[in-house]
Every structure is written in structure tokens, then in C-alpha cells.
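Peer 1: From first to last, the protein sequence lines are chains A and B.
The first sequence maps to residues 1 to 119 in the numbering used here.
The second sequence maps to residues 1001 to 1107 in the numbering used here.
There may be inaccurate statements among the hints.
[Unchecked claim] A few chain A residues that face chain B, going by a derived Cβ cut-off under 8 Å, partial list only:
1) Ala44
2) Leu45
3) Tyr95
4) Phe106
5) Ala107
6) Trp109
7) Gly112
[Stated by the list, open to error] Covered, in the sense of this in silico footprint (three residues per stretch, anywhere, with C-beta under 8 Å from a C-beta of chain A), are these stretches of chain B:
8) 1040–1048
9) 1088–1095
What the hints contain is simulated information worked out from the structure, not anything from laboratory work.
The beta carbon of each residue, even a glycine, is placed where N, CA and C say it ideally should be.
One letter stands for each residue in the lines below.
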Amino acid sequence: QVQLQQSGAELTKPGSSVKISCKASGYTFTSYDISWIKQRPGQALEWIGAINPGSGGTGYNEKFKGKATLTVDKSSSTAFMQLSSLTPEDTAVYYCARGYYGPNWFAYWGQGTLVTVSS
Amino acid sequence: DIMLTQSPATLSVTPGESISLSCRASQSISTNLHWYQQKPNESPRVLIKYASQTISGIPSRFSGSGSGTDFTLNINRVEPEDFSVYYCQQSNSWPRTFGAGTKLELK
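Whole structure, please, built from the sequences with the hints as guidance.
Peer 2: Given below as C-alpha cells:
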């Protein structure tokens, strides 16, 4: 079965960077885009961007350009998101998600990674 | 970006009631609208795809309708496990966007 296993919670300081991971299993990793989605405490969901693991091609929400960088490691079927120049507004749960075909509706979700930015 | 406006923000109901949740798009998105349920401390779960198409494993009491700019998620006879937050999401254009959610709470 399709599974997306995310890395653990991170406590980071303002101005630093963090890289979180999403390990995929149960399907051909290179055949489906992976999206990343942000959820601040008690807030709605925001789509950050998506990456095609086969080509490495990416698409970003303009709001997150310069903030998020999406990469993959095909050898380990793992997607990564690096967040830079962290501020308290980056404190959120970050989900990776896979669409059923393309990044249209999200059939499969990771468990989420809490990133806390605090001095 | 396409804005999705969900209403009401909170709905208080008694188990057994049948309800409708609304999602309105800022421009026409055909039927490229999907519904999710999110329980506390859990990842979202898709309930309905493309406005009205069912998802395997989702109870039949959940149904969706609409096209263009106005969409509805219906729950026929709310069960205790349905109390959670519901989000709509559009896939008509980039970036993908979500509504702010409707919280379904116990009256």
C-alpha cells in the first residue's frame, strides 16, 4: 500500500534553515508528483509546491518561492523540502502528499512534520 | 490565485441530522473541486473528488454537488465520528488552493 513516512519534529532558531523528508513506499516513486502543504496551528492548508521525482521538475506557489526548495533522492525514494531564513511565521505542520495521478486531488498524505521556529 | 470561501465557519449539529457545507470559488473552476476531512492531530483525508465523484472506502453518507463557482458537501445523518473540520480544494489552476475550512461540532 502507498505510504509516505515523514521525518520527525524540528525545533529551529530564527534565521536558520531546516530540511525535512518524506520517504515513499508501495508504488513507483518516479511516476507521481509529490506536493508539500503547510498548516499553521489552527489554520487552513496552503499548497507550497510540487516536484516530479522522475524529472526533478518543480512548481512553486509564488508565496513560497525563495522560502522552500524541493528536491528528491531517487535511490531512496525520498522527497525533501528545505525551508530557509526561518521566522516564527514558518512554525507549522508540513505535509507531503501524493495525488492519485497528477497533483490534482491528494489521495495519500504523510503524517506531517512539525517545525517550530523559536529563539 | 483562486479563493475558496467556505461557509459556515462553524456548524453545530446533533448526531442524526443531515447537513450541507458550502464552498464558493472566486471564479469558475468547472468541477475541479475536492473535499477533505481533517480530525485533530491527523492528516487530511479525501472524501469527494471532482465535486461529486465518490472515493473508495468513504461512507456513502458523504456526497458532493456543484459546478462553476458553487459547491456543496452533504452529510446524510451525521455520525459521531464526523465531527471534524472540512476543507475544499481546487485543482483548476495553479497554485492549488484550499478553503479556510468548516468546523463541524457537536451541539
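Peer 1: Against this structure, judge whether each hint is valid.
Peer 2: Okay, the hints, checked on the actual structure:
1. Ala44: holds (5 Å)
2. Leu45: holds (4 Å)
3. Tyr95: holds (6 Å)
4. Phe106: With a closest approach of 6 Å, the phenylalanine 106(A) hint holds.
5. Ala107: Cβ of alanine 107(A) sits 6 Å from chain B, so the hint holds.
6. Trp109: Holds: closest Cβ of chain B sits about 4 Å from tryptophan 109(A), inside 8 Å.
7. Gly112: Cβ of glycine 112(A) sits 6 Å from chain B, so the hint holds.
8. 1040–1048: holds (count 4)
9. 1088–1095: holds (count 4)
Hint violations for this structure: none, all hints satisfied.
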